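K.L.:
Residue numbers (the working numbering), protein chains in the order written: chain E, -12 to 317; chain C, -12 to 317.
Fair warning: there could be bad hints in the mix.
Derived CB-CB ranges, DEER-like [unchecked claim]: (1) E:Pro301 x C:Asn0: 15 to 25 Å; (2) C:Gly21 x E:Leu288: 15 to 25 Å; (3) E:Leu288 x C:Gly137: 28 to 38 Å; (4) E:Asp274 x C:Ser88: 27 to 37 Å; (5) C:Pro301 x E:Arg48: 42 to 52 Å; (6) E:Val148 x C:Ser88: 36 to 46 Å; (7) E:Arg138 x C:His235: 30 to 40 Å; (8) E:Arg138 x C:Gln147: 51 to 61 Å.
Everything labelled a hint here was simulated from the structure, so no lab data went into it.
Since the model is a prediction, treat every value here as computed from it, not as a measurement.
Heads up, the beta-carbon is just placed ideally off N, CA and C, and yes, glycines get one too.
Number of protein chains: 2
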Amino acid sequence: MSNLETVAQVGENEALKRTIARLNVSEFALVGPGDDSAVITAPDGRFTVTTDTLIEGQDFRLDWSSAYDLGWKAVASNIADVAAMGAVPTALVVALAVPGSTLVSWLEHFADGLKAACVSLAPGCGVVGGDLASSDRVMVSVTAHGSLEGREPVLRSGAQVGDVIAVAGTLGRAAAGLALLESGNQDAISAYDDLVNVQRRPKPPIQAGVAAASAGATSMLDLSDGLARDAARIAKASKVTFEIDPKHLQGFEAVVEEAARAIDSNPGEWVIGGGEDHSLLATFPHDAVLPRSFKPIGVVLPQGPSPVMLGAQPLPERGWDSSRAANYLA
Amino acid sequence: MSNLETVAQVGENEALKRTIARLNVSEFALVGPGDDSAVITAPDGRFTVTTDTLIEGQDFRLDWSSAYDLGWKAVASNIADVAAMGAVPTALVVALAVPGSTLVSWLEHFADGLKAACVSLAPGCGVVGGDLASSDRVMVSVTAHGSLEGREPVLRSGAQVGDVIAVAGTLGRAAAGLALLESGNQDAISAYDDLVNVQRRPKPPIQAGVAAASAGATSMLDLSDGLARDAARIAKASKVTFEIDPKHLQGFEAVVEEAARAIDSNPGEWVIGGGEDHSLLATFPHDAVLPRSFKPIGVVLPQGPSPVMLGAQPLPERGWDSSRAANYLA
């Protein structure tokens, strides 16, 4: 069969079949893809579920992200929401919509990206069902499931006064990568391709989610919209104020400083306001032993007028709301 | 707050919050919407999961379906895939994409449709998470979960030679409703609004799924693409031939005959080829006592050259593949 066949030519059912054939099946699947529903084990009698959508032009651009990148990112961004509960990712379902002119080989590379992200970030997890539809733009909705393995879920609302605030994963690198792509500066894009790659294929610290839960984390969330905005979310849900120590952000800034200079940007903005790193923000009792993957960045204070303070200053909620801002296409 | 506010004006987060506020929460939810993931009970240590997408212009038209209709249909079509496993629908997540110009009140009516379908078709089931994004066209991806309550899942692959083939629910009514809408014949649309309403707000026989499993159904699937096509799927998966007795389809034809005459259509085509009734097609051992909701329509034969026979004639696989056919917009 030709490499130039399109989805419209082979039909959705056949294209979906070929795509699914390339995937790894979840080790947790009792019944995998192909029936009306899949059947997944939930050993402790509960499962976690979360869903998120990526839309072409808004969340990604096809000239910046390959099909493989997109598959990877769709998995990574969703299983970060599983990890943020303290759960182990077990099974995904993927609803994909593409133009009829899309090559079947593009779908196959997308499937390869889905699989690679599962294998690399959450071994044992796999795609157990999918849906393929046609639309003008590419859209991917992933629903991700997890197992709490008998632990209590770590919610956003549990942060306690006196807790240590800590981050696992990168801060500002995905925003740096986006800014580099937006700059169109090919030299800078090549020089800092490690940052561009965090934007294209984020590597959230999935195992850190379970580690945090086991270490007694009192609250946790996935940093998808940036530290300022997401810290405000968890602080509000917990009815406390987060005080972030700017000194503890210097290490994160140092990593992106050089790239910022190359394209005249502000590395601090990336670290504080930039989304899509899909790192984990958590709070721990002050006497807890933090898992090695977590770096302390502040302390939890009684609720004040501002949900988040950066040192002595209130931190405005930056970050994006994708319906209002066209950050990605700015 | 004004009724004319748009999603772009209030922002996605706020619009999503208002939409979710109108929903019933699943009785199976240990943690409902608002955190990184929801947490759902899975009493027998397993859950079923299925996903499906409806896209404007392809699966529905906004001049034919209200926001309420669309919410209803998104739930109904997905929980039919839960019922087809012999499971009880427990929890849904909904990924919705709409243009920024969409009124928040439209979203609220959509939520009302989601809720009404849950309450009416699968009491106890509810929406436990959602995602709102912006796109040129309206798109809804629903992922539906179910509980098998200790029963074995009823697969497509279990039909045995000698089994009775039976249907629960309507056949051809949704196709009749679609043809009526397509005809533009307002008199006929009004006269047969019961059929148009099956197209807009299908009522799959959800409880019949569990009843079938309890009665020993050997195979089952949701009739989403029409009897001919879906019977071929289950026959192929089971490596048998389905022989459907045309006499047993007469009752289904009779229901849509008058509407067919009004717009010069073929009622037999609707019954055999028409999709979207979301009825259940199942097979039972010949000595099983069929649940009252199931009507026998044929018997399972050893695998022959054609997966489905209508009496003595091979039945071609009709039905639609949405990427090839533009049936809905024909």
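K.L.:
Give a verdict on every hint.
P.N.:
Results for each hint:
| no. | hint | verdict |
| --- | --- | --- |
| 1 | E:Pro301 x C:Asn0: 15 to 25 Å | holds (20 Å) |
| 2 | C:Gly21 x E:Leu288: 15 to 25 Å | holds (23 Å) |
| 3 | E:Leu288 x C:Gly137: 28 to 38 Å | violated (49 Å) |
| 4 | E:Asp274 x C:Ser88: 27 to 37 Å | violated (53 Å) |
| 5 | C:Pro301 x E:Arg48: 42 to 52 Å | holds (48 Å) |
| 6 | E:Val148 x C:Ser88: 36 to 46 Å | holds (44 Å) |
| 7 | E:Arg138 x C:His235: 30 to 40 Å | violated (53 Å) |
| 8 | E:Arg138 x C:Gln147: 51 to 61 Å | violated (43 Å) |
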